[in-house]
Each structure stands twice: as C-alpha cells, then as structure tokens.
Amino acid sequence: MGVTDVVTPVRLEDLVAALAAATPQTRLLAGGTDLVRSIRTPGSEPDTIIDLTGLAEFAYVRLDGGTLRVGATTTFTALQWDPLVREHALCLGLAAAQVGSVQIRNAGTIGGNIANASPCADGATALTALGAEVTTIDGAGTARTRPLGEILLGPSRTSLAHDEAITEFSFPALGPEHRSAFAKIGSRTAVSVARLSAALVVRFDAAAGTLDDVRVSLGAVGGAAFRASRLEESLTRLPADEATAQLFAEGCVAAVQESIPGRYSLPYKQHAAVGLAYDAWNMLALSPPCEPAWA
Amino acid sequence: MTEDLQYVGGSYPVHDVAQKVTGELVYGSDFSLPGMLHAKLILSTVPHGMVKRIDASRAEALPGVVKVFSHENSPMDRFCRARIHPGQDLAEHDETLFSERVRFVGDRVAAVVATSRAAAEAAAALVEVEYEELPALLTVDEALASTDVLVHSTGNVAYESEIDKGERPDLGGAVIVSSSTSTPRVHHAALEPHVCIAQGHSTGGMTVWTTSQGVYAARTVIAELLDMEYHRVRVIKVPMGGSFGGKTEYIIEPVCAFLAHATRRPVKLLLDREECMIATMVRPATWTTIRTACTPEGVLLDFEAATTLDSGAYASSTPDYSIHMCKKVTKLYRVPHYQHQSRAVLTNTPVGGACRGWGAPEMAAATEIHMDRVAAALRLDPVELRLKNMVEPFDTDLVTGLPLGDARVRECLERGAVAFDWAARRARPAGRGRLRRGVGVAAGAHKNGMFGAFPEASNMSLKMNEDGTFELNASLHEVGCGIVTTMKVIVAEVLGVHPDRIAAGEADTATTPFDYGTYGSRVTYVVGECARVTAEKVKARLLEAAAELLKEPVVHLFTRDGAVHVKNDAERAVAYRDIARLSEMRHVPSIAASTTYYAVSNPASYSVQFAEVEVDCATGLVAVNDFLAVADVGRAINRGMVEAQYQGAVQMGIGYALYEHLDVDEQGRSGIDGFKNYHIVNAPDMPDIQVLLVEHEGDDGPFGAKSVGEIATVPTAGAVVNAVNNALGTELSDLPLVPERIIAALHAPEEVPACSSC
Amino acid sequence: MQLLLTVNGMQYEVEARPTARLLDVLRDQLGLIGTKEGCGEGECGACTVLVDGRAVNSCVMLAVQARGKDVLTVEGLAQDGELDVLQQKFVEYGAVQCGYCTPGMLMSAKALLMANPVPSEQDIRIALAGNLCRCTGYSAIVAAVKAASGHDATPAMVLPGEAEELAAEVSTDPETLAIVQEVVEAAEAELIQGTPPAPEAFPSPGAPAMPPGAPTAPADPEEGE
Ligand SMILES: Cc1cc2nc3c(=O)[nH]c(=O)nc-3n(C[C@H](O)[C@H](O)[C@H](O)COP(=O)(O)OP(=O)(O)OC[C@H]3O[C@@H](n4cnc5c(N)ncnc54)[C@H](O)[C@@H]3O)c2cc1C
Ligand code: FES
Ligand code: FES
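Protein chains in written order, with my numbering: chain V, 1 to 295; chain L, 1 to 758; chain S, 1 to 225.
Simulated from the structure, these hints should not be mistaken for laboratory data.
Predicted, not measured: the structure shown is a model, and the values here were computed from it.
Backbone N, C-alpha and C define an ideal beta-carbon position, used for all residues, glycine too.
Any given hint could be a false lead.
Computed beta-carbon distance windows for the label pairs [claimed, not checked]:
(1) L:Gly205 - S:Ala178: 52 to 60 Å
(2) L:Thr139 - S:Gln2: 38 to 46 Å
(3) L:Gly64 - S:Glu13: 53 to 61 Å
(4) S:Glu15 - L:Glu133: 25 to 33 Å
(5) S:Ala178 - L:Arg232: 53 to 61 Å
(6) L:Val175 - S:Asn116: 36 to 44 Å
(7) L:His231 - S:Gln11: 47 to 55 Å
(8) V:Leu153 - L:Ala427: 38 to 46 Å
(9) S:Gln11 - L:Ala503: 46 to 54 Å
(10) S:Val85 - L:Gly64: 50 to 58 Å
(11) V:Ser44 - L:Glu133: 37 to 45 Å
In silico BS3-like links for lysine-lysine, alpha-carbon gap of 30 Å or less [said to hold, decoys possible]:
(12) S:Lys69 - L:Lys676
(13) L:Lys551 - L:Lys537
(14) S:Lys146 - L:Lys676
(15) L:Lys52 - L:Lys67
(16) L:Lys388 - L:Lys165
(17) L:Lys551 - L:Lys567
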C-alpha cells in the first residue's frame, strides 16, 4: 500500500504548483463520484491526490458577452438550477438534471464528467452540441483552450496531460431564438447511465418558420459523443414540422448505424434512436407533440 | 372469537424500529469485537480449472497480515451449504472451504486474514494464483451434452424427478396449447451484504454471530465440518439488512468459523456487493415447457410440464427446488392429470439456491403466461379461463395429497377483478401509437411450512415477569419482515395485554429452544401457532392464579387490557402487574409455560395480482402504472406489515419481470457486478401498490393466519408479462422483458436476443 | 493524515488514511454506524449523509473532501432524544422493514424537505431515486415523507404507540386489591411453611423428542425445504 499524499489548493497558483509536481500516478479529485471507486482497486492508489474541493473560484456559471462560461467544478445540481444555463444552454441543464441521483448530482462535477471520458457521459453529449471549448491549465501555468472534441479521444481516453487540469468550459450562449433539448434512454426512469443520449440545438426563424444553426450530438454510441454533421445540414432551413421530426429521427438512426456497425447493441440502439429523437424533438416545443408513425 | 380481536389485525412497526430510525441498531456488518481480525476472500477468476499454485508470500509479508488460508493449509472435508439438520436427505456434500478444483468464477480459492480490512484487501490483491484451465460448461445445454467434462464426478444432472398423478382423460376434441418460458438467474439484493463474525475460544469452543435465517442449521453445518460437539458451537442471530433467501444457506459461516477456529481470534468476514452477487448464491435460472389440453370451453384436462433448472456449480438446495416446481400448479388449478419432469443441472456458473418463493415464482410465471396463451387460443377472457379451473376451498392437492385448506383463490380473483375494474380495462384498446397499454392477471400458490415432509414443529416458552410484563423465549430470526412483532401480537391477543408489554428476542443456540428458522413460509403458520398455544397455557395459569386471588371460578374470568376481569362485574378486575407484585412468590414462578408444537397441516396460501403497464414501443421500456395484489392471508396478524410485505414483494417481482438478470459471458464471468448494471426497481419506477386482503379462519394457523412473505412475490412477474403481451399482442415468455427483447419482438421476432447490459 | 471534521455539530480530530472514504471515517473512527454501506459505488444510497445540507454518497467521497464542512448523519437527526418528524413518520407509516436503507432514506428525505418543505409525490420519488430499498416497494416510505411534510392524505399505518395504549390499561380497584392482598398473604404463609402450591410447576424447557402421539403427515419425503 503506497501512501497517498493529498494536496488541497485553494488558489490557482497552488493548483499550478501542485500540477507542476504531478506524475502520471497523480489524480485530480473533484466530486469523487468516479475517482473514489477507481482508486480503491488495490494497486491503483495514486501517489498524490490533488483535491479540487478547495478551489471555490472554479465553480461558477457566467455570461461573458455572448459566451457562457462554466467553471470545471460546477456540480450538476448547480447546472440543473442555474438561471443562465436555463436561458442560454438549456440542453446542458436538462442533461445535468438527468445525471445519476440527487446525491451524484450534488457531488459530481462537469469537469469530472468530461475528464472521466465515459462514452455515456451526459455532460459530454450536451457540451458537444453546444460547441464547447475547454480551457485547461498545466504545471507550467500555461492556460490552453481547445475544442471539446480534441479532449475526448475515446472510452476513458483524453488528451489531457497528467499535469493538466480543466478549469472552464465556454461556448456561445444560445439566444432567445434558439431552442435546445437533451434526451436520454437508460434502463430506468432515473439513475441510469445512458444507453443512448442526444442533444439538439436549433435556431428557429419565426418569420420563415424554419430551422437553422442545427446541432445534433449523440452519446453512448461509439467512443465519445459526436456531432452528426450530415444530419445537421440536412435539417437546415426545413420547417419545424412533423415531417422534419421524422427526418431528424431517420437521421439519428443512420448516425447510430454508421457509428457502431455490427455491434451487439446496434439492433436495439438503432430502433431506440427513433424514440430518443422524438423525445428530443418534442422538447423543443416547435411543433405539436408528435410521435413516430408506426406501420 | 374473531369479531373481538383487540391486537390481531392492527398495524405495528417492526419491533426494533426505534433503533433503526436512529441508526443505533448494530447490524452484523456493524458488529465488532476487541482484537477482531478481518478476512477477505480470493475468488476464482476462471470458470473451471485446477489451482496449480498459490503464492501468498507477498501477501503474508504485508504488515498486519496474519495468514493466508487455501486448500493447501485448510481442511478439505466437504460440506453441504443447504443442510438444515444432521439427518437431512438431499444434502449433497460437494463443497469445500477452499477449492483446489474451481468450478465457477467466484469459487473460493483462498482467504486472507489480517488485522484490518484495508490490510486484508491489499494483501488479497497480492496473492498469486495460477490455474490450469479446464473446459467450462456455461449453459445447461452444454452441461447436458457433455459426457467427458463434468462439473462434479457424479455427473452434470444433479437431480431428476418425475411426478405423474391422476388419470389422463380422453383428449378427443381437446384444445392443445404449448408454451415455453424461461426465467433468469437473479441476485437477491438484500441491501446489507453477507457478513459473519466468529470467535474461536481457547477452550476449543466457538461463538458465531450470523445474519442468517437459521442458527441451528448454521450450527449443524459448522459443527459437523469442524468436527466439534454441538454444545461447543454457539450461534447467535444478529440484526440483518434483508435476506430473501440469500442468507438461508451457509456459505460464509463455515469459512468464517474455520478462520476463527484456526486463528483462535475473532474474525469478521464481510463481503462486498460484487462478491455477494457472484460468490454467494443466486435464484436459479429455469426453463419450463408446458403442454395442456382443455375442452373447447376451457376446462383443463391435462397438464404436462418439463423444467430444467441451472444449479450452478454446486447442487446446494437446487434438487429440492426443482422438485418444488412440480408442486405448484395443482395447488392452484384442478387438473385430472398432472405430469411434470424436472431436473437440476450443474454448470460452471454461480451457485443457485433458495430464493423467496422457492420455485413458485418461476413456475407461476411459466403457468400464468401459458394460461394466457390458452385463453387467447380459446378467445376467453383470462379471468374467466382461470375461474373455470381454480381449486375450491378444501380440495386436495393432486400432487402432494395434502388438503389445500380454506383455499380462497377464487375469491381473490373475483374480488380483485372487481376492484381492478378488470373487464373494462381489458376491453380498452391498447392503442396503436408509441405508448401502448395493457393489463394482465396472474395467480400463484405457495405453502405454509414443511408439514408433509418431516415433523414440522416449533418450540418456545413464555413467562410472566415480576412486574406483570412477559418474555417470550423463542428462536426467532427477524429478516426484516416483522416476525418478532408478529409473535408479540399473537401473544398479546391471547393474553389481553399490549404487545409492547411483551419482550421477544432472537435466536441463540445457547439460550433459545430449537427451531428451524425463517424460511419455507413456516413462521406465521407454525411458529406463530406455537406462540398462540404457549400463550394460551400461560393465560390458563394467569386465570387460575387470579381465580384464587379473586375467589372466583376461572369460568367467571376473562383477560383484557392487562388485567383479569370478572364477567358481569365491571368493577372487579386485577391488573397483571398487581398479580405479579402481590403474589411474586406465590404465583409468578408458575405463570409460565413451554410448548413443542407440531404442525398438523400445510394449506396453500394464494395471491392473485393485476398489473397495468404502458409500453414505449420506441424504446422498449415498460412502465407499470397500476398494480393490485389480492392476498388470501387467512388472517392478517399485522395488517400494515402484510401490506408492506406485498408492496416489497411486488417490487421484487416487477424487477424479475422487467430488469433483473445475472448472465455470464463466454468466459464465465458475470458482466454484471454491481447495482450499477444490476438494476433493482427504484422509487420513480414503482407504482403505489394496492393490496386487498381476503380474510377468513378456516386453517390451523394462529387466528387463521397463513403465510405472506413468499407468496406475495409469486404471481407478480406473470401478471406483468401478461400485461405487456396484452399491450403489444406479443407472446413474450423469456424473462426479463428488457427493452432489447421488446424491441426485437416488435421488429424482428425471429431474432430475440439474449440479455446484455449497455 | 490529520483531519478536522464537524459531524452532527461536534468537532472531531481524526487520524485517517488519505484515501479513507468519508463513510469509513464515520463508521470505523467515529463509531457512527448508522450510515451503512450497501454497494460502495454510489448506487444504493445506504451511505447517504448531508454535507453542508446536501445529500451525498459517503462511499464515493473521500473524508478529506468533508474538511471544513458540516456533516449530518442519521445519528444527528434526533434532537435531545426527540425524534425528527421524518423519523416519527417512518415509524408511524411502516416505512421500515429490514431498516438497512432507512438511514440513507431519512437523510435524502431530510435534504429534500430542507430545500422543498412541501414536495409533490413526484419530487419525493425523484429525491429518493438514489436510495434503493429491497423490502418496502417504497409506498410506505413515500407516504411517510409526505406526512412529514404536512400532507396528511393517507392515514398513518401504525396504531397509536405504547404510551396511549398502556394508559388505557386497567388498574386494579382498591377494594379488589385489598382482597387480593389478603389471599396472597395467607397463601404465601403456607408456602414459607413448605406447602407446595397447587398448580403444576413450570415445566422444564428444552424440547422433548418427538412424542409418540405427535401428528405425522402423509408420507412425502420430498416436501421439505
Ligand atoms: C451512481 C452513479 C450514477 C451516475 N450516473 C451518471 C449519469 O447518469 N450520467 C453521467 O454522465 N455520469 C454519471 N455518473 C458518473 C459521474 O458521476 C460523472 O462522470 C461525474 O461527472 C464525475 O465528476 P466528479 O466531479 O465526481 O469527478 P471525479 O470522480 O472527482 O473525477 C473523475 C475523473 O476526472 C478527473 N478530473 C476531475 N476533475 C478534473 C478537472 N477539473 N480537470 C481534469 N481532470 C479532472 C479525475 O482525475 C478523474 O479521473 C454516475 C456515477 C455514479 C456513481
Ligand atoms: S454504499 Fe454508498 S451508495 Fe451504496
Ligand atoms: S427496509 Fe430493507 S432495504 Fe429498505
């Protein structure tokens, strides 16, 4: 049993110092909902735990011009109830509200959700649709900002260096003409890891009655959440009606099929994608609630 | 007498509720002793193989590690985890403390004993085990086909039986319907993990604190295995967080007792959730085919069934379990001819054994899914079909020859159908959209103890204290279903004194009299009747004493509100506490009695349940929206607890129908290893369960009471599956109805997949 | 490492492994065994405690994360021997069976009522979604939480407690008492002289072997389980 050291930085400088001393066996600790279990496996004890609990300044949601900034240690509970998130990133709030249980949402953070890099991470699906960028800091004190897609490489794999911590997520705030939604299929109504998740962002041109700036991301299919760009293009400038809902659903099915060809879970997920798509669509409240047409 | 019940039929919390809500109750997992050591198991990582080498040197070098035990340095005598008493039939001694030949992923290979749990865990990770793998038989089909690879040398079929009763009538013109149903291997999921504490004494004796369902059985297994005289082994039942049958068999108790014996120290063996799931026991998976013949009007003429059960790697109680699956249908339906073949098959998978209902939920699922097929074939309403075939009160069970007693299953069905508004709901269209509704009904039967097999009996004594309170001395095993309270209420009713004036403790082989324990649906019916009889004796003594004191003949006296009263003289009464206080020397020593009560019958308990579901055809998720459970309980001793038991049992049955399964992959490993992927139903998915009690007094239990805890979960899965089939027009019969299976049935019925997690 | 924790209003200084979970410190070091471990992976809620008023799973939280915060466990609910209203309602509504989930349920419910004093049934079920119970089917638990929040739609399940019932218990009237006293004195005088009491003495405990007349059943050797 190696003896683990715990450092609890309270200011950014302390964090940088701690990161400077980090080794590949060093672990950052945010809410602990993923980390605590993993370090309990004998043989996986970290040499040092950098406990982010002390960094109060990392937990925030701020509107900065047209950009919404979310601090890395913001909990899901905070996101779920945050008025700025509701107004400018509803899909993120909806995703946060569906993470785990109250207990998990109270402790779990958005930074941990991304850094943990589970293909089922609900936060990743929402942030992908929002076009989020990730700001990090490293042991040299260098801050870097890069697209979320560059961080998430696959299941449990990120491009984060061992001396690098996420400090912030930022993305263009959605405006009043935007609508967004998040839907998830688990195996229970509540407290269930996603078997499929989707976030949908559209801008609704009320005058024309059509959609643009369409963004669709899918989670829990393949290694990490991804944007279904072909689908996004195909929906652009279509009316917000039932026919479009159906195209959206079909596009989701195609995206699922392309992303996990031949996988054991495909037969189920390709069908479930239809339900998921309609759930997300109906949440936009742009057309009367509709459902798939069954033969 | 029933119109005048004062305490029976009320609602009471579990006896230790105050300690439970404050957190002060010391459960087995909370228990500790000075100088206590902690044990951690090392489990096989291969499904079948020989342990070639165990290197414990690195583990034993860790500070705090006392010793590592394995087949190399431990007795290799075999034991049967399901042995209840020394002379038991069908007790296969096929297991050792630690295996040299491992038979499933999860088989015990070794145990580390250390001064702290952390040290034991760290050391366990350092024990190196090398296996020589053998071909593994992971399914019953593989096991049945294999002639060279055997799980045990006695062959892969652990037990086979056939029941053939009655006469097959002429089947000319009969409607023949066939079905096959499978039920999954599931985890009991008691919230407290398995735990045992044992202390070896330097005198050679030992004390064991167990969270099991039978201390005498635990003592049998431990004493026989360690070759100790019974009186040197004291087994004490301590508070436990649920069992559901998962703690009726003695799996970790012998191991912990051995470790304590070998180290002469107190040792605690506490499993984690994954260990509970794979290394203790599971409800066995079953496959049942049924073929019935009935008249075009729907009267059953013939019932033939065949069941295969997956025993897992050790026979445990599965032979008996498989026999019992043959004894359920004829408790429920009248059939002129009943034939049932069953077999329990050994495989290299987790060990099967006792689970709430003991074969009844499995068989009820198969039977009730089948009955809906028959109803469909005949275009009969499912309720109507069942009414044409159900047993009547005081019928005889064709298979066991035992009287069924005051069997009120028809009344359950009839009253339930009205309360649930069955006809109207059934007539409502399922809908053609994304969400489809359906309703389903299922019935089930279970038993009341073990009468019919061996002298089913219980034993206890009751005395009045010097202040007029009472103490019941009995081997009670509270698993959370309120047994202690039940006994108190029964005694209270007889004595006419509030239940809180009666103390009752739990089992301890050193101080409480023999009793088998809490299983077999025997406690209320047999142990409860023993309590009633014992209390009657004490009451007789009380009345005699009071007669002398009041100078009145006994026939002029009655008991109520903690006093002996004189009939027709409202003024004259003497309180028990005064009898005690004033006649401490004269009467108190003799106001006591003990009883050995032998059961005289084993009637059936029944439940009929109605489910309404809504199926999301897009995602395959099923919501149970409404549920009614009707219970033939005879008499509710503790009404609130009967309802609560039903609510919990239905929750378990819904999980059985829709979510729960513990499959192994091609490597014999369970991909499902925690509550993360083994989903039990949580609060948002549970409807409020309505419970309707059918009460009467035609049987031999206390005040007419019959068993509740097991029967309550028997018909649930069948009702839910039938409701889903009603909603979708499908014939699903492989449990659980996970979304994949529902989606496949809707889109590609020919390729319904096996279960898997995300 | 040295940790300073505030638990149930008390300050504790404990020496713990840096990777010790909050759960381990509460149970093993502070002896607060009311907080249970059912899974160790954040799924069952048996280990739920409140940290700064919010429900968390103490099995997926290191003790160091609770430094400087207020931890409330089930042991801290009752005040001066007076049960919290939630505890009372759990008793009255039969919300407790094996009780292993109960402390966690109580803490989740407590956090809910602190944030939302009049929750809807749906709010309650969502708040308790992370607390598994295998015994109750949740109905009684949900009813208890509702009752604690002032809803009184469903009547309490459990009969009035000991105090009220026992108050109804009959006491002996003075006249009878006097007669009884006389009889006893006379009888006990005899006893002291060595005259044995009339009724048979307390039969010895310990079960006899199967008495010859004990009922036997139709032979069916397989019925047992
Ligand atoms: C019962 C249960 C249910 C769950 N349900 C869901 C669910 O429905 N949806 C879902 O998406 N997730 C779910 N999770 C997973 C988990 O709660 C989330 O992934 C959570 O967001 C992790 O955050 P945390 O703050 O707890 O991270 P931690 O556990 O503290 O850390 C997780 C990982 O991220 C690293 N890390 C943390 N913060 C940073 C940072 N700022 N910079 C760099 N690296 C960092 C850590 O080193 C660690 O490797 C569930 C977990 C549990 C136990
Ligand atoms: S023990 Fe913490 S959630 Fe189960
Ligand atoms: S009362 Fe047993 S788990 Fe809830």
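Consistency of the hints with the structure:
1. Between L:Gly205 and S:Ala178 the C-beta distance comes to about 54 Å, which sits within the given range of 52 to 60 Å.
2. About 55 Å separates the C-beta atoms of L:Thr139 and S:Gln2, a value inconsistent with the hinted range of 38 to 46 Å.
3. Distance hint for L:Gly64 and S:Glu13: a CB-CB separation of about 24 Å, inconsistent with the stated range 53 to 61 Å.
4. For S:Glu15 paired with L:Glu133, a C-beta distance near 45 Å fails the hint of 25 to 33 Å.
5. Separated by about 54 Å at the C-beta atoms, S:Ala178 and L:Arg232 satisfy the suggested range of 53 to 61 Å.
6. The hint said 36 to 44 Å for the Cβ distance between L:Val175 and S:Asn116, and at roughly 57 Å that hint is violated.
7. Separated by about 50 Å at the C-beta atoms, L:His231 and S:Gln11 satisfy the suggested range of 47 to 55 Å.
8. At about 56 Å, the CB distance of V:Leu153 to L:Ala427 disagrees with the hint of 38 to 46 Å.
9. Evaluation of the 46 to 54 Å hint for S:Gln11 and L:Ala503 yields a failure: the beta carbon distance comes to about 39 Å.
10. Here the CB-CB span from S:Val85 to L:Gly64 is close to 45 Å, at odds with the stated 50 to 58 Å.
11. Checking the proposed 37 to 45 Å range against V:Ser44 and L:Glu133 shows it is violated: the Cβ atoms sit about 26 Å from each other.
12. The suggested pairing of S:Lys69 with L:Lys676 holds, with an alpha-carbon distance near 28 Å, which does not exceed 30 Å.
13. Distance restraint check for L:Lys551 and L:Lys537: the Cα-Cα separation of roughly 21 Å lies within the 30 Å cut-off, and the hinted pair is therefore satisfied.
14. Between S:Lys146 and L:Lys676 the CA atoms are separated by roughly 28 Å; this keeps the pair inside 30 Å, and the hint holds.
15. Using a Cα cut-off of 30 Å, the hinted pair L:Lys52 and L:Lys67 holds, with the two alpha carbons roughly 20 Å apart.
16. Between L:Lys388 and L:Lys165 the CA atoms are separated by roughly 21 Å; this keeps the pair inside 30 Å, and the hint holds.
17. With a C-alpha separation of about 13 Å, the suggested pairing of L:Lys551 with L:Lys567 holds against the 30 Å cut-off.
Violated hints, listed in ascending order, are 2, 3, 4, 6, 8, 9, 10 and 11; each of the other numbered hints is respected by the structure.
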